[in-house]
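A.B. asks: Here are the chains, one letter per residue:
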Amino acid sequence: MANDPIHQFQINKLVPLDFNGVDLSFTNSSLFMVATVVVTSGFLIWSTSGRGLVPSRMQSIAEISYEFIASMLRDAAGVSGMKFFPFVFSLFMFILVANLLGMFPYFFTTTSHLIVTAALALLVFGTVLFVGFMNNGLNFLKLFVPSGVPGILMPLVVAIEVISFIARPISHSVRLFANMLAGHITLKVFAGFIVSLSSFGALGVVGSILPLVMTVAITALEFLVAFLQAYVFAMLTCMYINDALHPTEH
Amino acid sequence: MSVMFKISGVAFAAESAGETEGDAHTETAGAHGSGDDAHGGTFPPFDPSTYASQLVWLAITFGIFYLLMKRVALPQIAGILEMRRDRISQDLDEAQRLSDESDAAHAAYEHELAEARKRAHAIAQEARDEAKAETDAEREKVEAELNEKMAAAEAQITKIKQDALSGIDEIASDTAEAIVKELIGGTVTKAELAKAVSGK
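If you're matching them up, the sequences are chains A and B in order.
Using my numbering, the letters of the first sequence map in sequence onto residues 1 to 250.
Using my numbering, the letters of the second sequence map in sequence onto residues 1 to 200.
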């Protein structure tokens, strides 16, 4: 059981809740979503409560994350995109902290479940559609008609554009989900090798050094991936919002 | 779903662990599947029975998180950044003002210095002119005195010359008288002598 790399993704009911036959139990996944929200909001609000003119280290971290996302959104979607700043910032921080919390042994990684990342990606997709049509009306459909394409190729290009647009929430969600899932499985498998090899005696113990080194290296890599995937998710969100605001600027 | 997991489990084990490990792995997976009655052998991320709960709790937690960020955390951080920006621009304005002030003081100093230099020039010129006038007056006076002395000396020289010349006539007539007396043995009158000496 301990060696099963899939076990870490198991969802356990902590407080069973049944709502008209639909299971809405408070699970370990729910617990870590709550933990993500509490840790992140708690940190951001507490660290900036001093309102220091010269920031403390903790306040600096909060300010850097603020300016990091703000400049990312401003570069990608322009000043008019800044009204989506709380949305993009929440997405980034939620995914980042959920990913990082998942790096603790025995902790659950909420973003390793496709339904969670799909929900977030569809939220972005829905926002883009809604804002796109609200802001531009039918002009939003010009997003699928790139300028400067010869007439004969146009139907083909438009078809490709439409398909790639519809594929966005899929790639958006699967990228994050698959990265977290694969990373955690790999980590667990290499860690499992250490235990299995060590049980074969002295030679096994010596042989287990390699998977140990790999485990350490992959742990470092996973921290990078945890940040990178949150960054990629937020970055793509910014670009999709830009499409919704400026569909003709292509 | 169950089939999918079995396949992926076996494939995964075969590529990474080899035969015995792979068997052990599928066994544990199977045992795990039968042991956990709620989820069966389903790969957890693809178990639809957990979807509703995850979606509802994600909506609740992310919704609260979004509101906390939008209402509390982000305005707070934005306030800090704005305060700092204001403070910096205020400090820059103050620095600009002080710099302008120092520029003005410097210009005033330069002006003052130029003025003083001009005044000093004027004073020096005046002193020079005065000194020159004084020396000129002195020189004129000295020159006048010298001229006077020169004139006096010239007059004296002329007088001495005349005296000397008249003395020559007398000596000449005396000498002529003596010579005539020696040579001829007679006497000549003074008038004749004077006439002979002067050559008239």
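Please keep in mind that the hints were generated in silico from the structure rather than gathered at the bench.
In this text the structure is predicted, and so the values were computed from the model without any measurement.
A few of these clues could be false.
[Stated by the list, open to error] If you want the footprint, here are the derived chain B segments under chain A, 3+ residues with CB under 8 Å:
(1) 42-49
(2) 143-157
(3) 163-171
[Stated by the list, open to error] Computed from the model, here is a short list of chain B residues facing chain A with C-beta under 7 Å:
(4) 53
(5) 63
(6) 66
(7) 98
(8) 102
(9) 109
(10) 113
(11) 160
Just so it is clear, CB atoms sit at the ideal spot from N, CA and C, and this is done for glycine as well.
A.B. asks: State for each hint whether it applies.
C.D. replies: Hint-by-hint comparison with the structure:
1. 42-49: holds (count 6)
2. 143-157: With 0 residues close enough to chain A, the hint is violated.
3. 163-171: Check failed, 0 qualifying residues.
4. 53: holds, 5 Å
5. 63: violated, 10 Å
6. 66: holds, 5 Å
7. 98: Hint violated; residue 98 (chain B) Cβ to chain A Cβ min 21 Å, cut 7 Å.
8. 102: violated, 27 Å
9. 109: violated, 37 Å
10. 113: violated, 42 Å
11. 160: Violated: closest Cβ of chain A sits about 110 Å from residue 160 (chain B), beyond 7 Å.
When held up to the earlier numbered hints, the structure conflicts with 2, 3, 5, 7, 8, 9, 10, 11 and fits the remainder.
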